[in-house]
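Undergrad: One letter stands for each residue in the lines below.
Number of protein chains: 2
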Amino acid sequence: MSDQRVVRPTPISGFPEWTPQVRAVEQRWLDHIRAGFESFGFASVETPSVENLDVLMAKGETSQEVYTLHRLQADAKDDSDARLGLHFDLTVPFARYVAQHFNELTFPFKRYQMQRVWRGERPQEGRYREFTQCDIDVINVDSVPLHFDAELPRIVHRVLSGLDIPAWTLNVNNRKVLQGFYEGLGVKDPISVIRAVDKLHKIGDEGVREILVSEGLTTEQIDPCLALARIKGDGATVVTAVRELGVVSELLDEGLEELAFVMNDLADLPEGDVVADLSIARGLDYYTGTVYEASFDDDPEYGSICAGGRYENLAGQFIRRKLPGVGLSIGLTRIFAKLVAEGRIEGGRVCPTDVMVVVPNAERRTEALRTGELLRGRGFNTEVFHSIAKVGKQIQYASKKGIPFVWFPPFEEGGDHEVKDMERGEQATADPTDWDPKG
Amino acid sequence: MSDQRVVRPTPISGFPEWTPQVRAVEQRWLDHIRAGFESFGFASVETPSVENLDVLMAKGETSQEVYTLHRLQADAKDDSDARLGLHFDLTVPFARYVAQHFNELTFPFKRYQMQRVWRGERPQEGRYREFTQCDIDVINVDSVPLHFDAELPRIVHRVLSGLDIPAWTLNVNNRKVLQGFYEGLGVKDPISVIRAVDKLHKIGDEGVREILVSEGLTTEQIDPCLALARIKGDGATVVTAVRELGVVSELLDEGLEELAFVMNDLADLPEGDVVADLSIARGLDYYTGTVYEASFDDDPEYGSICAGGRYENLAGQFIRRKLPGVGLSIGLTRIFAKLVAEGRIEGGRVCPTDVMVVVPNAERRTEALRTGELLRGRGFNTEVFHSIAKVGKQIQYASKKGIPFVWFPPFEEGGDHEVKDMERGEQATADPTDWDPKG
Numbered sequence: 003m004s005d006q007r008v009v010r011p012t013p014i015s016g017f018p019e020w021t022p023q024v025r026a027v028e029q030r031w032l033d034h035i036r037a038g039f040e041s042f043g044f045a046s047v048e049t050p051s052v053e054n055l056d057v058l059m060a061k062g063e064t065s066q067e068v069y070t071l072h073r074l075q076a077d078a079k080d081d082s083d084a085r086l087g088l089h090f091d092l093t094v095p096f097a098r099y100v101a102q103h104f105n106e107l108t109f110p111f112k113r114y115q116m117q118r119v120w121r122g123e124r125p126q127e128g129r130y131r132e133f134t135q136c137d138i139d140v141i142n143v144d145s146v147p148l149h150f151d152a153e154l155p156r157i158v159h160r161v162l163s164g165l166d167i168p169a170w171t172l173n174v175n176n177r178k179v180l181q182g183f184y185e186g187l188g189v190k191d192p193i194s195v196i197r198a199v200d201k202l203h204k205i206g207d208e209g210v211r212e213i214l215v216s217e218g219l220t221t222e223q224i225d226p227c228l229a230l231a232r233i234k235g236d237g238a239t240v241v242t243a244v245r246e247l248g249v250v251s252e253l254l255d256e257g258l259e260e261l262a263f264v265m266n267d268l269a270d271l272p273e274g275d276v277v278a279d280l281s282i283a284r285g286l287d288y289y290t291g292t293v294y295e296a297s298f299d300d301d302p303e304y305g306s307i308c309a310g311g312r313y314e315n316l317a318g319q320f321i322r323r324k325l326p327g328v329g330l331s332i333g334l335t336r337i338f339a340k341l342v343a344e345g346r347i348e349g350g351r352v353c354p355t356d357v358m359v360v361v362p363n364a365e366r367r368t369e370a371l372r373t374g375e376l377l378r379g380r381g382f383n384t385e386v387f388h389s390i391a392k393v394g395k396q397i398q399y400a401s402k403k404g405i406p407f408v409w410f411p412p413f414e415e416g417g418d419h420e421v422k423d424m425e426r427g428e429q430a431t432a433d434p435t436d437w438d439p440k441g
Numbered sequence: 003m004s005d006q007r008v009v010r011p012t013p014i015s016g017f018p019e020w021t022p023q024v025r026a027v028e029q030r031w032l033d034h035i036r037a038g039f040e041s042f043g044f045a046s047v048e049t050p051s052v053e054n055l056d057v058l059m060a061k062g063e064t065s066q067e068v069y070t071l072h073r074l075q076a077d078a079k080d081d082s083d084a085r086l087g088l089h090f091d092l093t094v095p096f097a098r099y100v101a102q103h104f105n106e107l108t109f110p111f112k113r114y115q116m117q118r119v120w121r122g123e124r125p126q127e128g129r130y131r132e133f134t135q136c137d138i139d140v141i142n143v144d145s146v147p148l149h150f151d152a153e154l155p156r157i158v159h160r161v162l163s164g165l166d167i168p169a170w171t172l173n174v175n176n177r178k179v180l181q182g183f184y185e186g187l188g189v190k191d192p193i194s195v196i197r198a199v200d201k202l203h204k205i206g207d208e209g210v211r212e213i214l215v216s217e218g219l220t221t222e223q224i225d226p227c228l229a230l231a232r233i234k235g236d237g238a239t240v241v242t243a244v245r246e247l248g249v250v251s252e253l254l255d256e257g258l259e260e261l262a263f264v265m266n267d268l269a270d271l272p273e274g275d276v277v278a279d280l281s282i283a284r285g286l287d288y289y290t291g292t293v294y295e296a297s298f299d300d301d302p303e304y305g306s307i308c309a310g311g312r313y314e315n316l317a318g319q320f321i322r323r324k325l326p327g328v329g330l331s332i333g334l335t336r337i338f339a340k341l342v343a344e345g346r347i348e349g350g351r352v353c354p355t356d357v358m359v360v361v362p363n364a365e366r367r368t369e370a371l372r373t374g375e376l377l378r379g380r381g382f383n384t385e386v387f388h389s390i391a392k393v394g395k396q397i398q399y400a401s402k403k404g405i406p407f408v409w410f411p412p413f414e415e416g417g418d419h420e421v422k423d424m425e426r427g428e429q430a431t432a433d434p435t436d437w438d439p440k441g
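If you read the sequences in order, they're chains A and B.
The opening position of the first sequence corresponds to residue 3 in our numbering, with each subsequent residue numbered one higher.
The opening position of the second sequence corresponds to residue 3 in our numbering, with each subsequent residue numbered one higher.
Pulled out of the complex, with its shape left as it was, chain A reads as follows (with noise of 0.2 Å):
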């Protein structure tokens, strides 16, 4: 084998890989993200990682950025993956799961889905051809009461606040509070406002005008568009400050109740976690209420770490049920990759193990198997040290390793067990049935 061609292999550029030290700190943080989304009682779903194209298909927003599947050498007799691709994102499958299973889900349904997904983009910072979303998301039969549009970003607070991340603003919005304001100021299409405010924050107040201008906006509409946009703070603040720009409609008055609701439920949160942010639009159609939108503090130009809304009716194209919902996804691999790539993650450990145990000589080495095994039983993670060496060389491979603590089983029958705290240096006998590691 040493003779044939060899080829070295190189990262695939948009798929990302980390060493074992990085994946063992994104395991505790997809733990951490898991727990926090159950200690809400949300169920966990996973779907399958490709869909039929026409599900894909169905809003037909990114389908350009979609990896379709081909089989190297086709089976003529059987095209039954002729026509599967690799899912964008999870609200897709989770719209198809919950219209393939509509009679088996108990409503209003809570799931989160943690799963890897597929684009096929030109890779640049921040964007990756293969990542992993965390999305949480209520869906329920005909309405969705507000208190899960406040449930959510609870939820989020919980779980990114428990991670080691650069400090974050996690920004609400209403979709009506906007719609009903443009539609207040006489705009005939307040969608097209709404995409241009999408634009705010990469293009600036000019760029918006122009775009306000060139739709047809006079500067009566496009100045109150623009003041509305700068509004931000608590819940009360908010709404003193758009009642003051003097636009009425109904629908903005509806807007701003749901959004003072929101804020109001949150207000136990760490002052300036959760914000209202009137600039927050999300561009995507079929937000119809509350929006969110997190992002970095010191790099808002990154984009959102986190980001979703309230829809009218997620699976209308599946099944003919009205299933309105409100959902948020976490960007896990933007967020950690970026950390990786700054040189910020604070690498975990090289492996598990919390304990090796020495193996004295082979005719001790059942004593220290037994040892191991009772070591396990009782929760600590435990290497066995694989092959017969001198005591030196063993405890060198766990020093490499950064195993915390070395165990000594008698070398002799009848002798006493010790083990050895690595890191204080100190060794002390032990019983491998009452040890405690902090006692």
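If you are wondering where the hints come from, they were derived from the structure by calculation, not from laboratory data.
One thing to keep in mind: the hints can contain errors.
No distinction is drawn between identical chains; accordingly, a pair holds when it is met within one copy or between any pair of copies.
Said to hold, decoys possible - In silico lysine-lysine, DSS-like type, Cα no more than 30 Å apart, as pairs:
| hint | residue 1 | residue 2 |
| --- | --- | --- |
| 1 | K324 | K403 |
| 2 | K190 | K340 |
| 3 | K392 | K324 |
| 4 | K440 | K340 |
Note that the structure is a prediction, hence the values are computed from the model and not measured.
Place chain B on chain A using the hints.
TA: Chain B alone, transformed into the frame defined by chain A:
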């Protein structure tokens, strides 16, 4: 939206998907397997779902089953993902990973990897197009101690014993025993005999005999080959039985010594769980020593649910270093999906909620939210009811979702909290800061 065309989605053959209850069990299995792997100090690795086709084709064996990726709308300026395919196992990606990250890894490198893999096979019982494998391997530079050959069955034994699955047996053999034995019989191409014996469980003695006759073996050679394949038992039994066949070969001696060492090391496990079985051959060419294969006792026809072995050089195509290893792969989906299909998976909970907090009325909602946060902070998965509704309706919701405890915050300022055990029907006062559901 309601008048648009509705495409009722259907399951995609070969891509399993579970209801939340079944998913809850799968999640528990995954947690258990991971904990088992980590309890022996193995580190988590994940690789991208795709590899370059060069990498996937390096061995060539399953190439016709590879799914290649294509963007729906190809970008003429960027064909950087034109040569990508989904991985069909976790061994090839692991070999590539070790070669690529060679200088970042600590050897012997003990890793586990639990991921989905894809194969464009025709769907049939026990075969999926997307399925999860749980792999565990040790890889080292130049040589791998035999102790690991014995450790891997111990790990798999721990893992499988903790899953509620039908009785299984993990069979162990050593390719050196087979090859040495055939060589000792004067067989010219021992590998062809290994391949024939590998089919024994499917085609029986007579089928194997036919193949071997066609390969030019004499009856004096074939009879001992079939006699060897009938030998099974503990280490000592097997060694004695092989010796009685009177074949002499150095390689055979070496293989028997290794097999006896592995079996002896596992002597503390319950009798019959891990068995030396000389009919186990494993078809793959790259195994060179120990081989493993587990199957269900009551359905051996279903094939292996776990398999692996020792290989001399895992990553020879990717790096000019000798990297031998030993590994085992648990076919999670193969096991799980069979039990689901047979109705043998006891449905998990609809949701992970431990406690549902009743909302007395709109005014007392903040108190309910605070109670929810308190209980969550103490580790209880807690839902606060999602709207203002009659208490009876709230309890009904908890009952429908199988939530074990319903919590009543004080309905008036200064009142007591109460909690209802839904299974026992008992209700009592409780303090959210020190409530213990077991007490």
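Undergrad: It remains to establish, for every hint, whether it holds in the given structure.
TA: The hints, checked one at a time:
1. K324 to K403: between (55 Å within a copy, 22 Å between copies)
2. K190 to K340: Intra 41 Å, inter 58 Å, cutoff 30 Å: neither.
3. K392 to K324: between (70 Å within a copy, 24 Å between copies)
4. K440 to K340: Neither way: K440 and K340 sit 35 Å apart in one copy and 44 Å across, limit 30 Å.
Hints 2, 4, counting from the list given before, are not met by this structure.
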